[in-house]
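Chemist: Now for the letters of each chain:
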Amino acid sequence: MKILVAVKRVIDYNVKIRVKPDNSDVDLTNVKMAMNPFCEIAVEEAVRLKERGVASEVVAVTVGPKAAQEQLRTALALGADRAIHINTSAETDEKVESLAVAKLLQKVVEEEQPQLVILGKQAIDTDNNQTGQMLAALTGLPQGTFASEVKVEGDKLQVTREIDGGLQTVALSLPAIVTTDLRLNEPRYAKLPDIMKAKKKPLATQTPAELGVEVASKVTLLKVESPAERQGGIKVGSVDELVEKLKNEAKVIS
Amino acid sequence: MPDYQAPLRDLRFVMDEMLDFPAHYARLPGGEEASPDVVNAILAEGARFTREVLLPLNQSGDREGCLLEGGEVKAPKGFKEAYRQYVEGGWPSLSAEPEFGGQGLPHSLGMVLSEMICATNLAWGMYPGLSHGAADALRHHGSDEQKASYLTKLVEGVWTGTMCLTEPHCGTDLGLIKTRAVPTGDGAYEISGTKIFISAGEHDLAENIVHLVLAKLPDAPEGSKGISLFVVPKFLPDADGNPGERNGVTCGSLEHKMGIHGNATCVMNFDAARGFLVGPPNKGLACMFTMMNVARIGVGIQGLGLMEASFQNALAYARDRLQMRALSGAREPAKPADPIIVHPDVRRMLLTQKAFAEGGRMLVMYTAKLVDLVEHDQDAAERERAEALLGLLTPVVKAFLTEVGFEATNEGVQVLGGHGFIREWGMEQFVRDARITRLYEGTTGVQALDLLGRKVLMSQGETLKLFTKEIHKFCQAKAGDPALKEFIEPLAKLNAEWGELTMEVGMKAMHDREEVGAASVDFLMYSGYVTLAYLWARAAKQAQRSLGGDEDAFYKAKLDTARFFYQRLLPRTRAHAQMIQAGAASLMTISAEDFGLGFEI
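Chains as they are written, first to last, in our numbering: chain A, -19 to 234; chain B, 179 to 779.
Just chain A, same shape as in the assembly (with noise of 0.2 Å):
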C-alpha cells in the first residue's frame, strides 16, 4: 500500500508571533520555521503503518516556496521514503490558499494513485481546516478527519474521530483521506543517521503551471492584528458581588 502525506511549512510552535508594524501580515523574518505539528502526526502514523508492514511507501508532498523542502527533508528524516515539491515561488510570493492546494494534490493523487492520503487536520498558521476535506471532494475519495485512531483491515479503513462529545467510529472503503488530530500518535524525534540518509533520498520537483493549476490568490488579506492584551482582574468582596457584576457587568448570566 502506498500513503501519500501532506505536509506544510509553517512558523515554528515556539516561536512568539510578531505582527508587521503595518498590520499587514504576521511578521517572518528571521523567524524559525517547521513542519506544522499536525503534518508530523501524520508523517508519524504512516511511517507507523509502513514499520507495521501495512504500509509498503510513504511519499511525502508540500506545497510551497523552495525552502520548504527542509519539511520535505524532515519528512525523509522521519521514515518517508521519497518526496514531491511542488515549487509555488515562481508563481507567487504569498501563501497558496486551501483550494489551490487541495487542487495541486488533487493531480498529485491522480499521478501516485496512493491507496491512503494523511493530511494534518489543519495548519497552526492560518488555522483553516479545509484542505483535507476539499481533497476528498475534488478526488470523489471518503474521508475520516479530526482521527485519533487509524486501522487498516484489508481494503477497509477503520477511522476513530474526535467530535464533539465523544468519539465516532467510521469505516472507510480504501483509498481514503485521512486527517490528524493531535492525539493520534506522538511524533518521534529524527534520528541523526536517517538525518543524513535523507538528503540522499529522492526529492522531485513540479510547479502548479506543469500541473495546470491556477495559484493567484483569490482571497485578498486586509489586516493583521495582534490579540487584545489581557487586561488584569480584579477582587470581589463576596459572592453577591461576584454575581452582580456577572450579571450587570460582564452580562454573562441573567
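What the hints contain is simulated information worked out from the structure, not anything from laboratory work.
There could be a bad hint or two in this list.
Once the Cα atoms are required to be at most 30 Å apart in a straight line, the calculated BS3-like pairs of lysine-lysine come out as [what the hints assert, rightly or not]:
#: 1; chain 1: A; residue 1: Lys203; chain 2: B; residue 2: Lys651
#: 2; chain 1: A; residue 1: Lys203; chain 2: B; residue 2: Lys734
#: 3; chain 1: A; residue 1: Lys171; chain 2: B; residue 2: Lys325
#: 4; chain 1: B; residue 1: Lys671; chain 2: B; residue 2: Lys651
#: 5; chain 1: A; residue 1: Lys46; chain 2: B; residue 2: Lys734
#: 6; chain 1: A; residue 1: Lys131; chain 2: A; residue 2: Lys171
#: 7; chain 1: A; residue 1: Lys30; chain 2: A; residue 2: Lys(-4)
#: 8; chain 1: A; residue 1: Lys227; chain 2: B; residue 2: Lys513
#: 9; chain 1: B; residue 1: Lys671; chain 2: A; residue 2: Lys(-4)
Given chain A, put chain B in place with the hints provided.
Modeler: Below, chain B without anything else, positioned relative to chain A:
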C-alpha cells in the same frame, strides 16, 4: 521553570557568515556529508531534543539528586529514559569514525550540540560527557583488541566512560597517586585503590561503564613519569562482547556537592579489579592528556551553555517585570511601572551576559574549527599551525569561559533581584552548576600556568606570535575602514601590548620563576579579553557588511553588542595588565605564618 531556545540564528551568523564553516566543511575529508542543509537539519533537531527532552529534567534532577543503594546508583527520574532516547537518536556517535559505528561528522558540529546540552541540563550531560574522551584515549592508544571490545559500545553510547584520575590526597599533582596495578600473569592487571570525584562513576543509564584509570606499576619510577593508564570495565566483556562478570570496582559513596546534583559524582573503590594496560607502561599521563584536552574544551562549552541559558531567562524577566519608571520619563505610561529592561544597570547586566555568551560562542567555534583541522587536515603545515593555536587557546576556552560564565550566571540572578535567589526560578541553579566548571579538568590557576608557562613562555612566545600575527594582519587589512575604526584601533594596541607584557613577564621569570605563577591568572584573563576583542571585531566587520538587508535589526544588535564589549568589558584589560606588571613581590613577601597574625594566638 527556565526556558531555552537554541541560538540557531546566532550560530548561523558565527558559523556561516563569520567563520565560513560551509567552505571549511567542504574541505574536510568526508565533510561533504556536512552540507549546510544537513547541518541545519541536525542543529534544528538537536535544539528540539535538548529543549523538549533534557530541559524539563534540569530542575527536577537538581532537586532530586542521585541515590546510592546497595552499591547501585540511581540517577534522577527521567534521566535514564532521556539517555535511551539520546542513544536511539544516534547523537553520541555524531563525530566518531564510521569504522567504530560513528556518523563521521566533524567534531565542531558535536561541539555545537554540546552547547545545547550544557544549556539545558549540564548534570545530565555529564553522563555521556566523558564517553567521548574515553573513546578518544582508546582510539589513539588502545590495542586492537581493546578497540574491538570497547570502542563501538562507547561510540554508540550503549556503554559510558569515565576518567579516574583524582585520589583523596591528590588531584592536580597526579604524580602522587597511590592506586596500584599488579600484573596477573595472563596479560591483565589487578587494580587496587580509591578514586574520588568520578563523574558518572556509577549509574543506571547504561548497561556497562568503562573506567579509564591511572595507576602505578610495581616497578614504576617516582612521580608523574611512573603513571600508567588502564581500562577497567564495570562488567568484563564476555566472549560475545556483552557485559559479563562483575568486576571489582564499586561506588563507595556519592559526593554531596554545591551543584550538578543530578550527576553522580562518585568515590570509586578498586579492589583487585581486573584491568588492561592502555598504551605503553609509565606513559599514562601522556595518554590521558588526549582525553584532557578534549574535556577541557568541553568544560569551556559548559560555561558558554550556562551563560546562554541564564541570559535568555534574565532577558525574559527583565522585559516582563514592571518596577519603577525610567529615569528620563515613563516608557510605558499605560502600565503601573516600566519593565526593568529600561534601566541602565539592568541593561549593563544583560549586555554583559549577551556579550560574553555571543563572544564565547565565537571563541568556541573558532577553536572548533582548529579541532577539525588538527584531526583531519591533509596539509601537514596547516595541521601543525592548527595544533599550536589549539594548544594556546584550549586553556583560554576552558578557564576564561568558565570564569566569565560564573560571572554571567551570577548577573542572571542579579537581574531577577530577590527572585533570583529563590530556587523556583532556576537562576541560582545556573550559578551553582557553573561553579564546578572553574574547578574540574584543571582549575583556573592550573589552566593559567598551562597557558603562560607551557604554551607561551616554553615556546619562547612563538605560539602566541602565531595568533597575534593573525590579529595583526586582520587589523592591517581593516586599518583604513572608518566604520571599523572604533574596533580596530583599540584591538591593534592591545595586540601589541599582549606581546610586550609577555616579554616583560618572561624577562622577570628568568630571575625568579615565581613571576610566572604570580602573573598567570591575570595573563589568562587578559588573553581572554583580547581574544574576544579580536572575534568581536570580526563580528562587527561581518555585521557592518551585511547591513541594509531585511535582517538589519539582527546586524545592528550585533554591532551594538560589539560596542558594549569594547567600551564596557574590554577596559578590564587595563586592570589585568597592571596586575601582571605588579610582579610577584606583593604575593610572596608575607610568610605563611604571618598570614594568621590577626586571629591566631
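Chemist: All the hints need checking, so say for each whether the structure fits it.
Modeler: Structure-based check of all given hints:
1. This hinted pair does not check out: A/Lys203 and B/Lys651 have alpha carbons roughly 52 Å apart, beyond 30 Å.
2. Annotation: proposed proximity of A/Lys203 to B/Lys734 holds, straight-line Cα distance about 29 Å (limit 30 Å).
3. For the given pair, A/Lys171 sits about 25 Å from B/Lys325 by alpha-carbon distance, which is consistent with the 30 Å threshold.
4. This hinted pair checks out: B/Lys671 and B/Lys651 have alpha carbons roughly 13 Å apart, not beyond 30 Å.
5. For the proposed pair A/Lys46 and B/Lys734, the alpha carbon gap of about 28 Å is at most 30 Å, so the pair holds.
6. A hinted pair counts as satisfied when its Cα atoms are at most 30 Å apart, and A/Lys131 with A/Lys171 qualifies at roughly 26 Å.
7. A C-alpha spacing of about 35 Å is found between A/Lys30 and A/Lys(-4), which places the hinted pair above 30 Å, so the restraint is violated.
8. A C-alpha spacing of about 28 Å is found between A/Lys227 and B/Lys513, which places the hinted pair at or below 30 Å, so the restraint holds.
9. At most 30 Å may separate the alpha-carbon atoms for a hinted pair to count; B/Lys671 and A/Lys(-4) exceed this at roughly 43 Å.
In this structure, the earlier hints numbered 1, 7, 9 are contradicted, and the remaining ones agree with it.
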